[in-house]
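**Student:** Sequence:
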Amino acid sequence: MSALYKELEEERNASAIAANEAMAMISRLQEERTSLHLEALQYLRMMEEQAEYDVEALQKANDLPFEMEKDIQDLEVELKFY
Numbered sequence: 001m002s003a004l005y006k007e008l009e010e011e012r013n014a015s016a017i018a019a020n021e022a023m024a025m026i027s028r029l030q031e032e033r034t035s036l037h038l039e040a041l042q043y044l045r046m047m048e049e050q051a052e053y054d055v056e057a058l059q060k061a062n063d064l065p066f067e068m069e070k071d072i073q074d075l076e077v078e079l080k081f082y
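Going by our numbering, the first residue of the sequence shown is number 1, and it counts up by one from there.
Just so you know, these hints were derived from the structure itself, not from any lab.
Treat the hints with care, since some could be wrong.
As the list claims (entries may be wrong) - Below are the EDC-like pairs computed for lysine to aspartate or glutamate, each with C-alpha atoms no more than 20 angstroms apart in a straight line:
1. Lys60 - Asp71
2. Lys60 - Glu49
3. Lys80 - Glu69
4. Lys60 - Glu78
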């Protein structure tokens with residue numbers, strides 16, 4: 001009978017160890033998931049900022065020909081006065 005109790009106690013200990021290891025792994029995975037999530041959010045913010053910058057740069061580039069054309073017209077008007 002004591003052999004059965006001893007075997008039962010060993011099984012309980014093994015189960016407790018396995019449960020502790022599983023909980024430790026779950027904790028590590030949750031920490032890793034949180035870290036990856038924060039990293040993804042940071043990259044998303046960076047991409048959004050870059051996209052905003054690109055839109056502004058493209059708008060400036062699109063406005064440049066119109067500004068140059070206006071400058072040319074202003075210079076032509078000035079030239080007529082001479």
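**Student:** Compare the structure with each hint and give your call.
**Tutor:** For each hint, the structure was consulted:
no., hint, in the structure
1, Lys60 - Asp71, "holds, 16 angstroms"
2, Lys60 - Glu49, "holds, 17 angstroms"
3, Lys80 - Glu69, "holds, 17 angstroms"
4, Lys60 - Glu78, "violated, 26 angstroms"
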